[in-house]
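Peer 1: Listed below are the residues making up each chain.
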Amino acid sequence: MNLDLPLIWAGIIAIAVLLYVLLDGFDLGVGILFPFARTPADRDVMMDSIAPVWDGNETWLVLGGGGLFAAFPLAYAAIMPALYVPVILMLLALILRGVAFEFRLRGRRRGKAFWTGAFAGGSLVAAIAQGFVLGGFIQGVTLDGVAFGGQPFDWLTPYTLLVAAGLVAGYALLGATWLVWKTETELHGDARRWAWIAGAATAGLLAAVSLATLFVHPQIAERWGWRADGFDFAAFLPHLPIPLLGLAGLVVLAIGLARRSHGWPHLGATLVFLSGYIGLAAGFFPDIVPYDMTFRQAANQDNALALMLVGVAILLPVILGYTAWVYWVFRGKVSADAGYH
Amino acid sequence: MDVEALMLSRLQFAFTIAFHIIFPSFTIGLASFLAVLEGLWLATRNEVFKTLYVFWVKIFAISFGMGVVTGVVMSYQLGANWSAFSALAAPVIGPLLAFEVLTAFFLEASFLGIMLFGWKKVGPGLHFTATLMVAVGTLISAFWIISANSWMQYPTGFAHTPEGGLIATDWMAVIFSPSFPARLAHMCLAAYLTTALVIGAASAWRLLRRPEEPESQMSLRMAVGMFAIVAPLQLVVGDISGKDVLRLQPAKLAAIEAFWETKAEQAFHIAAWPDRATESNRWEISIPRAGSLVTAGSADAEVKGLKAFAPEDRPPVAIVFWSFRVMVGLGVLMIALGVWGAWLCWRDAPERSRAFLRACLTMGPAGFVAVICGWIVAEVGRQPWVITGVMRTADGVSPVGAGQVSASLLGFLVVYAIIFSVGLLYILRLIAEGPLAGADEPTPPVPRAPGSALAAVPDDPGRARGDRP
Numbered sequence: 002m003n004l005d006l007p008l009i010w011a012g013i014i015a016i017a018v019l020l021y022v023l024l025d026g027f028d029l030g031v032g033i034l035f036p037f038a039r040t041p042a043d044r045d046v047m048m049d050s051i052a053p054v055w056d057g058n059e060t061w062l063v064l065g066g067g068g069l070f071a072a073f074p075l076a077y078a079a080i081m082p083a084l085y086v087p088v089i090l091m092l093l094a095l096i097l098r099g100v101a102f103e104f105r106l107r108g109r110r111r112g113k114a115f116w117t118g119a120f121a122g123g124s125l126v127a128a129i130a131q132g133f134v135l136g137g138f139i140q141g142v143t144l145d146g147v148a149f150g151g152q153p154f155d156w157l158t159p160y161t162l163l164v165a166a167g168l169v170a171g172y173a174l175l176g177a178t179w180l181v182w183k184t185e186t187e188l189h190g191d192a193r194r195w196a197w198i199a200g201a202a203t204a205g206l207l208a209a210v211s212l213a214t215l216f217v218h219p220q221i222a223e224r225w226g227w228r229a230d231g232f233d234f235a236a237f238l239p240h241l242p243i244p245l246l247g248l249a250g251l252v253v254l255a256i257g258l259a260r261r262s263h264g265w266p267h268l269g270a271t272l273v274f275l276s277g278y279i280g281l282a283a284g285f286f287p288d289i290v291p292y293d294m295t296f297r298q299a300a301n302q303d304n305a306l307a308l309m310l311v312g313v314a315i316l317l318p319v320i321l322g323y324t325a326w327v328y329w330v331f332r333g334k335v336s337a338d339a340g341y342h
Numbered sequence: 126m127d128v129e130a131l132m133l134s135r136l137q138f139a140f141t142i143a144f145h146i147i148f149p150s151f152t153i154g155l156a157s158f159l160a161v162l163e164g165l166w167l168a169t170r171n172e173v174f175k176t177l178y179v180f181w182v183k184i185f186a187i188s189f190g191m192g193v194v195t196g197v198v199m200s201y202q203l204g205a206n207w208s209a210f211s212a213l214a215a216p217v218i219g220p221l222l223a224f225e226v227l228t229a230f231f232l233e234a235s236f237l238g239i240m241l242f243g244w245k246k247v248g249p250g251l252h253f254t255a256t257l258m259v260a261v262g263t264l265i266s267a268f269w270i271i272s273a274n275s276w277m278q279y280p281t282g283f284a285h286t287p288e289g290g291l292i293a294t295d296w297m298a299v300i301f302s303p304s305f306p307a308r309l310a311h312m313c314l315a316a317y318l319t320t321a322l323v324i325g326a327a328s329a330w331r332l333l334r335r336p337e338e339p340e341s342q343m344s345l346r347m348a349v350g351m352f353a354i355v356a357p358l359q360l361v362v363g364d365i366s367g368k369d370v371l372r373l374q375p376a377k378l379a380a381i382e383a384f385w386e387t388k389a390e391q392a393f394h395i396a397a398w399p400d401r402a403t404e405s406n407r408w409e410i411s412i413p414r415a416g417s418l419v420t421a422g423s424a425d426a427e428v429k430g431l432k433a434f435a436p437e438d439r440p441p442v443a444i445v446f447w448s449f450r451v452m453v454g455l456g457v458l459m460i461a462l463g464v465w466g467a468w469l470c471w472r473d474a475p476e477r478s479r480a481f482l483r484a485c486l487t488m489g490p491a492g493f494v495a496v497i498c499g500w501i502v503a504e505v506g507r508q509p510w511v512i513t514g515v516m517r518t519a520d521g522v523s524p525v526g527a528g529q530v531s532a533s534l535l536g537f538l539v540v541y542a543i544i545f546s547v548g549l550l551y552i553l554r555l556i557a558e559g560p561l562a563g564a565d566e567p568t569p570p571v572p573r574a575p576g577s578a579l580a581a582v583p584d585d586p587g588r589a590r591g592d593r594p
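Protein chains in written order, with the numbering used here: chain A, 2 to 342; chain B, 126 to 594.
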């Protein structure tokens, strides 16, 4: 049997990163929305809705980083130094918001206020830093041979700022629709309002990022049909389902919110993310360090990829199984008194 | 190469990894302790075990969270600061770290949610299963990370490719490299001892004030049992691990013992001031011939000294020598504490001896100090290599400038200082309140904040039993 191991592993890493964005996305989003809660009790409910699952969500980030190291070491070794500053910023922010889950409950008056702020601020900064990482990645990384050969702040451009804004809006949208799904009464109403606002901001920023991305690299523009000699509809047509998926997501979101559905808005927001994710990937695939290293060039030795594939084939279904079970155990609404009676 | 950036990267890695290891050392043992408590509670229905579980799981939640967030740093820092090492080592140890994520991290993270918040959502059997999964997950995690580290200490089962890379040739030899079994056992026992010392200290603190508290009497006895059995066992396992070092990493052993000359009948230095410039100890307090005896098992055995290695291949000596002595010294004190406690248990009751309780209290942090000293011996002692004989630490660093690394190091120092001091404060506060905090107060209970680790726990641990058929 001849498996295309690098291709399979590119798929596994892509799925891990997608699951990270969708799962940690909503709990980072809840943190971003923290300052807008009316009461401390509402904040408690917001945190309660994500407390049992955030740790599992963040593990997909570890799989993304660890998996990149293990499957595409040359890409890992080139990208991490290139995006050193935003990666470290993200880690520091994730530390502060991660410990806040427990610290916030142990703190007395001042301590609780500090960790409430740390949770909100950490979530926001982590989202911004991830936007820098994403934007800096799509912009491309300067290589010297196979190692990073650029400057420390190559990643910081108007484009990455735009991507960061878009990601913050998108996470806020995921957080808001999650809260629509998981909460009741006044907070539920607030979440619905946040979802409208974040949805509008996400739609606008996603459109802006999509357009700006066309100017980032000629390869991307060409893929989407924009050539020097005019628009090539035949090249664009295979990509058409991607923006259509995003539009469908926005429609599901809007109709869901308008009809006061509890679950549909989160599905709509998820589809929007899926569309954005695939759309960006379509621009740089098969590069794993845009635009100088393909995933095949970066891939680890076949025997390492094969060994890990055996592990993944057995373990990933198990992991997905118990992750789904945990979500099932904590299904339904989180109400203010659900915890202790 | 940027020498300053290299130094800062080493400092940052040493700081972040030393800080991180504090939490796994504690939570590996605590997770197993919680599984034992819950198992005993299910088996005996003795409410003392339940009260202790509910108390220690709060402390577990805080420490585990700190372990998780400081651990995420590791999976990215490797690439950010040590990209050349990452690119070279990934074909061999990449799968080991990937398996750690797949077999351990997801297991711990997912079942932790059930363990902390699932009391009312799942039955007692499933809840116990969740606790067990978390405990097993911590041990699996230790398995893989010690495996990867042991391979770096003494790599086997690989070959060099024509392009200058590495390739694994025998996965079993990679995973089970020669020093791995003893080092894994040494680390797991260290984690159990560290946890037992903290539990012993917390119990002693309560018993000095309330000698009749049954929960603290029980947990003190459990801790004493661990000291008495695990501390002597650790001495044996540590000695086996030391014999591996003699065989596999003679330069590290020479640094540990501050041996300079290669000879038979090495003296054992109780204390010394090793000086790399003069290639000798400026002064030493020694037992003649005992050095060969304790390291090689025979006073007549020839043991290599540091001068047998080229100066650029020698590890720093003084820090390794002294860290090792602190670790062993604390180990001996732990054994003494175990013997004393066992004797008190046999004669009367350990909580009656205030001197013993004070000793337990004093020894509370000893496990952490010993673990960090042990890791300093392991990691500084294998310098200048990051993969022994294959890659020098200096060659593993990323093309990242000193400015960026000093900024990130400063960031880690500030953030870790905050979370460490606050986390410690909250843990100590919980310990000071003791296992019966809350349970003492009569109804109506103050509602716990939703989202708290204990939000879903019945308010009165004693009542939980009546809820069940």
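FYI, nobody ran anything at the bench for these hints, they're computed from the structure. Be aware that one or more of the hints could be misleading.
[Said to hold, decoys possible] Computed footprint of chain A on chain B, listed as stretches where at least three residues anywhere in the stretch have a Cβ under 8 Å from a Cβ of chain A:
(1) 159-168
(2) 335-343
(3) 399-408
[Said to hold, decoys possible] Keeping only pairs whose Cα atoms sit at most 35 Å apart, straight-line, the calculated DSBU-like set for lysine-lysine is:
(4) B:K388 - B:K368
(5) B:K245 - A:K113
(6) A:K113 - B:K429
Note that the coordinates shown come from a computational prediction; the quantities given were computed from them, not determined experimentally. Think of the CB as a built atom: it goes at the ideal place given N, C-alpha and C, for glycine as much as any other residue.
Peer 1: Evaluate each hint against the coordinates.
Peer 2: Cross-check of the supplied hints:
no. : hint            : in the structure
1   : 159-168         : violated (count 0)
2   : 335-343         : violated (count 0)
3   : 399-408         : violated (count 0)
4   : B:K388 - B:K368 : holds (17 Å)
5   : B:K245 - A:K113 : holds (26 Å)
6   : A:K113 - B:K429 : violated (57 Å)
Of the hints listed earlier, those the structure fails to meet are numbers 1, 2, 3, 6, in rising order.
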